[in-house]
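The residues making up each chain are set out below.
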Amino acid sequence: SQQGEEDPQALSIQEGENATMNCSYKTSINNLQWYRQNSGRGLVHLILIRSNEREKHSGRLRVTLDTSKKSSSLLITASRAADTASYFCATDLNYGGATNKLIFGTGTLLAVQP
Amino acid sequence: DTEVTQTPKHLVMGMTNKKSLKCEQHMGHRAMYWYKQKAKKPPELMFVYSYEKLSINESVPSRFSPECPNSSLLNLHLHALQPEDSALYLCASSPKRHEKLFFGSGTQLSVL
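Sequence order for the protein chains is Y and Z. One point on numbering: in the numbering used here, the residue at position 60 of the first sequence is 60, and numbering is uninterrupted. One point on numbering: in the numbering used here, the residue at position 78 of the second sequence is 78, and numbering is uninterrupted.
If you only want the chain Z side, here are some residues facing chain Y, beta carbon under 8 Å, derived:
| # | residue |
| --- | --- |
| 1 | P43 |
| 2 | L45 |
| 3 | L90 |
| 4 | H98 |
| 5 | E99 |
| 6 | F103 |
| 7 | S105 |
Here are the computed lysine to aspartate or glutamate pairs in the EDC-like style, where the Cα-Cα straight-line distance is at most 20 Å:
| # | chain 1 | residue 1 | chain 2 | residue 2 |
| --- | --- | --- | --- | --- |
| 8 | Z | K41 | Y | D7 |
| 9 | Y | K101 | Z | E58 |
| 10 | Y | K26 | Z | E44 |
| 11 | Z | K38 | Y | E5 |
| 12 | Z | K96 | Y | D92 |
| 13 | Z | K100 | Y | E53 |
| 14 | Z | K100 | Z | E24 |
| 15 | Y | K70 | Y | D7 |
| 16 | Y | K56 | Z | E99 |
| 17 | Y | K26 | Y | D7 |
| 18 | Z | K41 | Y | E5 |
| 19 | Y | K70 | Y | E53 |
| 20 | Y | K69 | Y | D92 |
| 21 | Z | K53 | Z | E67 |
| 22 | Z | K40 | Y | D7 |
Derived from the structure by calculation, the hints contain no laboratory data. As the structure is a computational prediction, the values presented were derived from the model and not from experiment. Virtual Cβ for every residue (Gly too), placed ideally from N, Cα, C.
Produce the complete structure using the sequences and hints provided.
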């Protein structure tokens with residue numbers, strides 16, 4: 001399968017705690033993106049990190065990328081009940097030019113308990 | 001306007017019906033996508049349009065027929081679907097191919 005694998009599959013934490021989810025992929029990438037999906041709704045883009053970047057921040061989000069290990073992590077700090085959602089990594093697989101495609105990982109279901 | 005609008009939100013159809021899903025965006029994005037998502041699974045890429053031309057077809061059965069009439073609209077024509085085609089169909093657009101996709105809220109399709 002081309003898709004990334006995420007772990008854990010599910011994560012339950014208390015409000016105020018930090019949440020970390022990991023994504024591993026198999027092939028060369030141009031960039032890696034993280035998306036959030038609330039139940040039964042469309043996905044929302046959170047953050048994009050390029051293959052030549054190692055870390056990126058956006059508000060309470062911190063993303064790291066290790067291309068040598070083909071892995072990324074998403075850290076959500078000071079979680080809130082509203083962060084409850086599924087989180088997907090998505091890799092822009094580098095096939096060169098027009099055949100690049102964005103493939104979503106298996107996802108992590110995050111539940112933040114109030 | 002930073003929205004991608006999909007209609008209808010829900011659709012129930014029989015295996016002999018013909019129906020269409022519609023998607024519209026007014027952000028000036030020239031890349032548009034169809035994804036299919038089964039429950040508790042990640043979205044699966046179906047089609048990519050770039051500047052109104054089909055650039056990727058992920059070996060999707062011909063009972064799904066995409067159309068991009070102009071830079072703001074994307075349709076997915078459905079004909080002779082199977083029950084296993086029941087899923088959430090997501091449309092997306094992006095300012096640059098495969099980066100920062102904006103998704104619609106999807107059409108929940110049930111094939112009876």
